[in-house]
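Trainee: Spelled out from the first residue to the last, the chains are:
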Amino acid sequence: MDPEPLWLTLRLATLTTLILFVIALPMAYWLAYSRFKGRSVVEAIIGMPLVLPPSVLGFYLLLAFSPSRAFGQWLESTLGLRLVFSFPGLVVASIIYSLPFMIYPLQAGLQSLPASLREASYTLGKSAWTTFFKVLLPNSKSAILTALVLTFAHTVGEFGVVLMIGGNIPGVTKVASVAIYNEVEALNYDAANQYALVLFVVTFLILSIIYTINNRLLRVRHPA
Amino acid sequence: MSDTPLDISIRHSLSTAQGVISMEVALAVKPGEILALTGPSGAGKTTLLRIVAGLIQPQSGLVRYGSEVWTDTTGQVLRAPQRRPVGFVFQDYALFPHLTVRQNLAFALDRGQDEGIVDELLRAVELTELAGQKPAQLSGGQQQRVALARALVRKPQVLLLDEPMAALDRSMRYRMQDLLLDLHWQYRFMMILVTHDLAEIFRLADRVARLEDGRIAQVGSPGEIYTHNQDLSEEPLLYGEVLSVEVADDQLVVLALIQQQVRRLRLPQALAPQLTPGRSFLLRYSLETPMIELID
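Order-wise, the sequence lines are chains D and G. Its first residue numbered 202, the first sequence is counted upward by one per residue in the numbering used here. Its first residue numbered 5, the second sequence is counted upward by one per residue in the numbering used here.
Worth double-checking, as some hints may not be accurate.
Stated by the list, open to error - With a Cα cut of at most 25 Å, we get these calculated SDA-like pairs of lysine to any residue: (1) 34/G x 137/G; (2) 327/D x 191/G; (3) 327/D x 187/G; (4) 335/D x 115/G; (5) 34/G x 210/G; (6) 327/D x 34/G; (7) 327/D x 126/G; (8) 138/G x 419/D; (9) 138/G x 338/D; (10) 335/D x 60/G; (11) 138/G x 312/D; (12) 159/G x 312/D; (13) 335/D x 141/G; (14) 138/G x 314/D; (15) 342/D x 159/G; (16) 327/D x 60/G; (17) 342/D x 329/D.
As the list claims (entries may be wrong) - Covered stretches of chain D, as calculated for chain G (at least 3 residues, CB under 8 Å): (18) 323-331; (19) 347-356.
For the record, the hints were derived by calculation from the structure and aren't laboratory data. The structure presented is a predicted model; accordingly, all values stated were derived computationally and were not measured. Note that the Cβ used here is the ideal one computed from N, Cα and C, for glycine as well.
This is chain D alone, in the form it adopts within the complex (with noise of 0.2 Å):
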């Protein structure tokens, strides 16, 4: 089995993940208290990816990045750079697939918050910014947790997206669940069945800790 496409879905979730989760934090916080009328346009449009065909999603990123099309020849031109077929392209991919893994949680997490505690720390003299940092993160980890493993999984797990934006060049965009496809055609079912193992250990794995975390940070704020 050559360790390639794992250590590159690795590597594709690990920097999916982080990247998401900067963009989604200010996103969530202005989506939990926001009382904005056009909320629900926003809202939907980062569900989209739920419901939507990964192929759909990655048919139009691919027609939107495709050099030959106006906005992928102004990446190439001012920005040199190149999203159809390249690893890049495929982060770019995965954090608007993986968007609302990300920002449902924080969001919601944020929401169940008591409104008081916010307003405790405004009439403590503290500012929005400290109040975020200092007081309603710091009280939504299990939310952030589940929103930072949904992400990495779900990455971990695409395949749509990942086969029409980047292809199967190995090394590059061929990743574990492109590896597997490729494997099945070529019907090697032996060397399909060991990444596919791969990802069903990894994964139980990582969903396990972080529900034991969870449990456990549920127990300290509610004492039985």
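Chain D is already provided as a structure; the job is to place chain G on it using the hints.
Mentor: Just chain G, lined up with the frame of chain D:
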């Protein structure tokens, strides 16, 4: 003592269980005064506190503390809650669960503020021993004291309390009231508290403002508000709560809690519809018959 009055004059529409009501409140709170806000739920008491704290902007109106304008909708002034010398004790206490008692207090320190105040307040509310505990490990009364101490760290000039003792038992309430009076005497802040508890009003408040449907129905000293018949005001007046009601010999036999003791009252049967367990009343002693005045 601070000699600054607080002037409130606001209009705000309020959605309640009974529908939208329009709030219209004009109220002047005197320097150093303890004002109780009372009235049925949904009357706008908490909303009024939140407007004073700057947590809500009223639809129109003015909140002025001496010469400082805190809220002025005509001049587009809305001073942020952070910049008002206000302490707020929330009904649910709003303690930060991830911080210890001491850290909850220290969180409130302004930059460069002397940390000595934290220990001073911990001593004042008798929580020095529990300073290292997290809020979840404390009893309701202890949490209440943490919330109170935390609200005082920045030495507010106006302390707002939203039904701070609703969740405490009777004896704990008594001790908290003593503590509040002590702290009020020591730090001399103005105090506005939302409360339904008559005993609390009589012990703490200089004046009571009764809100009904978003308007001030009555303002005055507790004695003025709760003794409708001024001619009888010199007769002894006792506050009580109905525990149970029975009918015997065409009379109502009412067991009531009066001055921490269970008493039996014999009253005319005509009062039966009003006298249900849990109701509060004022009892007047007169030579002929006891007189009952119901309070909602």
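Trainee: Given the proposed pairing of residue 342/D with residue 329/D, does the C-alpha separation stay at or below 25 Å?
Mentor: Distance ~19 Å between residue 342/D and residue 329/D Cα, so the pair holds.
Trainee: Could you grab the alpha-carbon distance between residue 34/G and residue 210/G and see if it respects the 25 Å cut-off?
Mentor: 10 Å, holds
Trainee: When you check the alpha-carbon spacing of residue 138/G and residue 338/D, does it fall within 25 Å?
Mentor: Holds, because 17 Å separates the two Cα atoms, which is no more than 25 Å.
Trainee: Could you grab the alpha-carbon distance between residue 327/D and residue 191/G and see if it respects the 25 Å cut-off?
Mentor: 22 Å, holds
Trainee: Would the pair residue 138/G and residue 314/D pass a check requiring their Cα atoms to be no farther apart than 25 Å?
Mentor: Given that 25 Å is the threshold and the Cα spacing comes to 17 Å, the pair holds.
Trainee: Hey, residue 327/D versus residue 60/G, does the alpha-carbon distance stay inside 25 Å?
Mentor: Holds, because 17 Å separates the two Cα atoms, which is no more than 25 Å.
Trainee: Sort out whether residue 60/G lies within 25 Å of residue 335/D, counting only the CA atoms.
Mentor: Holds, at roughly 23 Å.
Trainee: Has the given pair, residue 138/G with residue 312/D, been kept, meaning a C-alpha gap of at most 25 Å?
Mentor: 23 Å, holds
Trainee: What's the verdict on residue 327/D and residue 34/G, does the C-alpha distance respect the 25 Å limit or exceed it?
Mentor: Cα-Cα ~28 Å, so violated.
Trainee: Tell me if the straight-line CA distance from residue 159/G to residue 312/D falls inside 25 Å.
Mentor: Violated, because 31 Å separates the two Cα atoms, which is more than 25 Å.
Trainee: For residue 342/D and residue 159/G, compute the direct alpha-carbon distance and say whether it is at most 25 Å.
Mentor: 32 Å, violated
Trainee: For the pair supplied as a hint, residue 327/D and residue 187/G, is the alpha-carbon distance within the 25 Å limit?
Mentor: 24 Å, holds
Hint check: violations occur at hints 1, 6, 12, 15 and 19; the rest are consistent with the structure.
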